[in-house]
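Enquirer: Quick one: dock chain against chain with the hints and give me the complex.
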Amino acid sequence: MATQSASYAVGRNPEMGPGGELVASPVAPFDAPEPELGSQTMLVNVGPQHPATHGVLRLVVELDGETVVSVTPRLGYLHSSFEKLGEYRTWNQIIPLTDRMDYLAPLIYNCAYVMAVEKLMGIEVTERCKVTRVICMELDRVFSHLLWLGTWSIDVGAFTPFLYAFQQREKVYKLHEAFTGARITTSATRIGGMMADLPEGWTEGVREFADNLPATLDEVDTLLTCNAIHVGRTQGIGAISADEAVNHGLTGANLRASGVPYDVRKDRPYYDYESYDFEVPIGCHGDCYDRYLVRMEEMRQSLRILQQALDRLPDGPMDVPDPRITLPTKTECMSDMESMIHHFKLITEGIPAPAEDCWFSVEGSKGELGMYVVGDGGPKPVRWRIRPPSFVNLSAIPKLAEGHLMADLIMINASLDIVLGEIDR
Amino acid sequence: MSATSEPRGAAPDFDLVSLGPSGQRDAQRVRATGSEVPHLNPSVAALRERFPGAVLGNQVMAGDEDVVYVDPSRIVEVLRWLREDPGQHYDHLADVTAVDYGGGRPIEVVYQLWSIPRRAALRLKCELSLDALEVDSATAIWEGANWLEREVYDMYGVEFRGHPDMRRILMPDGYAEGHPLRKDFPLRGRFSRAEQTRRSLTRDPEDHYTPGEIGGREPQLVAPHDERSDGDPER
Numbered sequence: 001m002a003t004q005s006a007s008y009a010v011g012r013n014p015e016m017g018p019g020g021e022l023v024a025s026p027v028a029p030f031d032a033p034e035p036e037l038g039s040q041t042m043l044v045n046v047g048p049q050h051p052a053t054h055g056v057l058r059l060v061v062e063l064d065g066e067t068v069v070s071v072t073p074r075l076g077y078l079h080s081s082f083e084k085l086g087e088y089r090t091w092n093q094i095i096p097l098t099d100r101m102d103y104l105a106p107l108i109y110n111c112a113y114v115m116a117v118e119k120l121m122g123i124e125v126t127e128r129c130k131v132t133r134v135i136c137m138e139l140d141r142v143f144s145h146l147l148w149l150g151t152w153s154i155d156v157g158a159f160t161p162f163l164y165a166f167q168q169r170e171k172v173y174k175l176h177e178a179f180t181g182a183r184i185t186t187s188a189t190r191i192g193g194m195m196a197d198l199p200e201g202w203t204e205g206v207r208e209f210a211d212n213l214p215a216t217l218d219e220v221d222t223l224l225t226c227n228a229i230h231v232g233r234t235q236g237i238g239a240i241s242a243d244e245a246v247n248h249g250l251t252g253a254n255l256r257a258s259g260v261p262y263d264v265r266k267d268r269p270y271y272d273y274e275s276y277d278f279e280v281p282i283g284c285h286g287d288c289y290d291r292y293l294v295r296m297e298e299m300r301q302s303l304r305i306l307q308q309a310l311d312r313l314p315d316g317p318m319d320v321p322d323p324r325i326t327l328p329t330k331t332e333c334m335s336d337m338e339s340m341i342h343h344f345k346l347i348t349e350g351i352p353a354p355a356e357d358c359w360f361s362v363e364g365s366k367g368e369l370g371m372y373v374v375g376d377g378g379p380k381p382v383r384w385r386i387r388p389p390s391f392v393n394l395s396a397i398p399k400l401a402e403g404h405l406m407a408d409l410i411m412i413n414a415s416l417d418i419v420l421g422e423i424d425r
Numbered sequence: 001m002s003a004t005s006e007p008r009g010a011a012p013d014f015d016l017v018s019l020g021p022s023g024q025r026d027a028q029r030v031r032a033t034g035s036e037v038p039h040l041n042p043s044v045a046a047l048r049e050r051f052p053g054a055v056l057g058n059q060v061m062a063g064d065e066d067v068v069y070v071d072p073s074r075i076v077e078v079l080r081w082l083r084e085d086p087g088q089h090y091d092h093l094a095d096v097t098a099v100d101y102g103g104g105r106p107i108e109v110v111y112q113l114w115s116i117p118r119r120a121a122l123r124l125k126c127e128l129s130l131d132a133l134e135v136d137s138a139t140a141i142w143e144g145a146n147w148l149e150r151e152v153y154d155m156y157g158v159e160f161r162g163h164p165d166m167r168r169i170l171m172p173d174g175y176a177e178g179h180p181l182r183k184d185f186p187l188r189g190r191f192s193r194a195e196q197t198r199r200s201l202t203r204d205p206e207d208h209y210t211p212g213e214i215g216g217r218e219p220q221l222v223a224p225h226d227e228r229s230d231g232d233p234e235r
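Chains S and A, in that order, give the protein sequences.
Quick note on numbering: this note's numbering labels position 266 of the first sequence as 266, and the sequence is numbered without any gaps.
Quick note on numbering: this note's numbering labels position 93 of the second sequence as 93, and the sequence is numbered without any gaps.
Worth double-checking, as some hints may not be accurate.
In the EDC-like style, the derived pairs of lysine to aspartate or glutamate whose C-alpha atoms are separated by at most 16 Å in a straight line are [stated by the list, open to error]:
(1) A:LYS183 - S:ASP376
(2) S:LYS171 - S:ASP211
(3) S:LYS399 - A:GLU143
(4) A:LYS183 - S:GLU87
(5) A:LYS183 - S:GLU83
The following residues of chain S were derived to be distant from chain A, with all beta-carbon distances above 12 Å [to be verified]:
(6) TYR164
(7) GLN167
(8) ILE184
(9) SER339
These aren't lab readings, by the way, just hints derived from the structure by calculation.
Owing to the predicted nature of the structure, the values given are computational and were not obtained by experimental measurement.
Here a beta-carbon is modelled for each residue, glycine too, at the ideal position from N, C-alpha and C.
Pulled out of the complex, with its shape left as it was, chain A reads as follows (with noise of 0.2 Å):
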């Protein structure tokens, strides 16, 4: 992604600033998907034994941080196992996100989990390919996971399966541009100026609710003062 992170020649000062402050971790930085992969958190293990075919890899980040990497078809299972399962008890779903690494690589949904009781943290990891952006919702586990979802959607495009509200949040909902946190999205947006401008103007302005808010009322629409046959302007 930049220039600096390629090695510069054969002065060994130059490389060792190239390499950055934390250098010496470079060894873990293969992702280890055999079975004798170091981990810190037995959970690592209990997954492993549990899931043989559904856990792909395992992988220690940043020194002490255990990240497992699941298959994205039974990641709702392996969910709903940790969660349930006594030894585990993961019960609070600190956070869903996803990561996209760009030139066509698949983006990783990140399930970031801690167990209150436990004191303990997990990372779970999904891959999915950009042409199948799919993958089970964790609502009917954690109702939490909602929003974060919607944002994932919002913002990568991916949808998730048994989601009962899934619609974009951060952006408008007829929003024509794209999912904004991609790679290949431009940082200024898909359109120009000229053509986001006309379309903010030309948006319905009694546009202000959502078919599925209306709910198949009348909107009591309230006319401007001056418009009113009853109204007074000067009153």
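Next up, chain S with everything else stripped away, as it sits in the complex (with noise of 0.2 Å):
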């Protein structure tokens, strides 16, 4: 596997361990004896109403001073029952709930959740519609780390490289609507194919995107990489060691960060992505900094794949070319009585999948998205499941953030990129 250490000439703190066992606060180490204080503890409600939680996320913190003794996150108030709602809806119906579960990379989502249901049907879809996929998942995790990078430096302390990725991430918001007419619920995918092709011009736009952003991730580099506070307050903070990283489930950059190089991209290829020249960047302490770092590389990498699948970008058929799947057109209905039958039987009883279950995942912009589908021979799921990788990613937050301080616990929290309605559903 082809992978890559995040180097950058940055010291590390010297009382950190590689696997960052010793994890020394950033603050001053206080020398006097401990004043007695007494031994009581004081609970601070963090959220659900707080810019920092990222969402309505509610972390109940149990302080002693200013460290965190245990932290217990409090979810659900985000909850929509999204899989409930799928037991109702034809499989092609469901398409615009995957888009509201992480509506900060909704095109990963929308191809996710056909990529699965079209391996329960047993569907081969166009080369087309393959690599316009990897483009459009590409394009979403780039879009998905530039809001994790703005939120992550607000959070730091710095507003500027907030501004710099929100103009960039305004780009990819344009080309989101030049495709599917939205911005955030896009809704782009359609079993065995897209909702239509793409429009003139928009390749165009995500090169010039893929062209034009490393010059603003250099900037971003230049402000954070190496700022003394940015430093200060992320290395040696929330660090897990690689075995623990795994058995917490983490996945994504989290896991990638402790120096597991485990990428569904890679391990697990799909679309073709083993054909695509490309790196896993991985870190070797596993603390928000290598985080950090993971992520600004694999923003570049995602940049490697777009150029690459936008130079390979075939031409043809988008949809696949079955009337058992694909609607036909407007012209077609209107002038075909066969083509007309095929629309009414498709939108009235839907395509219907075997009794049989399947599970797909893919290398999503939080981690593994995993999607398990059950179908019973009819038009609609017995059961679709989402494994969302920001609910396991934050089942860690209480192992991360005892110990740290409480403003260290909003870094930790920045630096795993959950996004709350996909951990609610």
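Expert: Written as structure tokens, this is what we have:
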């Protein structure tokens, strides 16, 4: 596997071992004997309405002075029961539910869902559709990481990178809008293809974005990577060793920052990811700073994949040429009896799936995004389950934050890159 | 579950349409329990050899996914072996979830495993009858199972024995309508809208913390501004 350590010429905190076991807070050690302050701890409620919780997350924090004794996350404030709603919809009608879960990377969710359903039904999509979906997924990985970069820098106290990141994000919003008509709730995929072919000039827009983003990343790099405040607030904070990270089920950049090179695009390739030339950055300390480095490098690698995918985007049909799966065009519907019948049957009945189940996971922007779909021979799922990467990543926060300061808890939460729409579903 | 899956007469064209695009895989649908069942992952044969009594059957799903049906009373033993045996090394518990097929059929608890060093996937299933929804917890093997099992408990009512914190996770602690993802749970909830509204209006607004979180300490209540004796409301 081609891997690459993200190495930057930054001095590490010498008090920390390679596994991150000796975690020293960057705050100067307090030499004087601890004054007797009594043993009472204090409960502080963080959220659910607070910008630093990145959504409606509520953390009940037990504090001893300023040190975190325990963290209890309370979830469910955004629970919409998408999985239950999906059981009452046909396979194609579920697609709009998927982008409402991770509204920071909606296209990845759209693609992952239809890929699982297509595997269950045994549908092989066209080459043009595959490359288009790769472009969509890599574009949204950058899109999501840019939001993480902006909010991360706000949490660390830097406002300028936030503006730089959101300026670039706006370009992706425009690309979303040009392709799908919506900026966030894209619903761009259909079973067997995409909602439409790419519009005129769209690939040039993606190319321009991919050409221009590295300059912004370099600027942010200069502002943050060697910045003393940023380094002091993130190195050695929230460290987790490789074994523990795997044991807690962490995936994505949070796992790779601990040195485990697990990336679904490399380990279980889909859509010819093995033929793209890119590297998986890994960290070695597993702390907040390494998670930052890994995500910064991931954006550059995603841009490499974007460039290659744009180069190889073939002509040809976008949708599977099978009338049992793909809707006929409006012209065909109006002029051809057979097409009208197919259209009617597809809309009124939906596409049946076999009575089997299927697990399909892709590398989402937050981690391993798994889709588990169970069919019963009919056009609606018996069960539609999402393995939410942020949900599992967040479950490690009591372990990561214990013993750190209250202010570090905010950085740890920011470094996990969560999205509450997906956690609560 | 739906009328469209039933055979629709003798016309061959309609049969083809109702079978769907993947009708050719129908032969594999039947759950196989014999010893001569084809499989793709060598772990299936190893499991059958190591746990002849615990493995109830296996099946290949969706073309290339191996599923093993395990006796619920021995699931933790099987999971621990799969994780710790050097030949298996399934170190990543990707998912724990459940499936309710409705109609009084047993609820399936599904474990999705992945081996990072060996790059192999395996799915284990436990069937629990509706009157005995209990299975041992995998939290002793994987910390990551904690919240996933809590979600299964919340949504299906499956109790995990030995779980350190068996509470609801997405629904509120005092949720009285049952377990939402069960097939017998109506889409809009068991209570009427009026009852749901009444309950949410009569909830104690000070009930922000569970007793476990408060841990015996006195809650520190802050009075509203206009009730404070020293406070000037105009301040």
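Enquirer: Against each hint, give a clear statement of whether it holds in the structure.
Expert: Do the hints match the structure? See the list:
A threshold of 16 Å between alpha carbons decides the hint, and for LYS183 of chain A with ASP376 of chain S the separation of about 14 Å falls inside it, so the pair holds. For the suggested pair LYS171 of chain S and ASP211 of chain S, the alpha carbons sit about 12 Å apart, so the restraint of at most 16 Å is met. Restraint check for LYS399 of chain S and GLU143 of chain A: satisfied, since their Cα atoms lie roughly 10 Å apart, inside the 16 Å limit. As the CA atoms of LYS183 of chain A and GLU87 of chain S are separated by approximately 9 Å, the hinted pair is consistent with the 16 Å bound.
The suggested pairing of LYS183 of chain A with GLU83 of chain S holds, with an alpha-carbon distance near 12 Å, which does not exceed 16 Å. Every CB of chain A is more than 12 Å from the CB of TYR164 of chain S (nearest about 35 Å), matching its label as outside the interface. Distance check for GLN167 of chain S against chain A: the nearest CB is about 36 Å away, which clears 12 Å, and the non-interface claim stands. Once the 12 Å rule is applied to beta carbons, ILE184 of chain S is consistent with being away from chain A; the minimum gap is 23 Å.
Listed as a non-interface residue, SER339 of chain S keeps its Cβ farther than 12 Å from every Cβ of chain A; the least gap is roughly 14 Å.
When the structure is compared with the earlier hints, no violation turns up for any of them.
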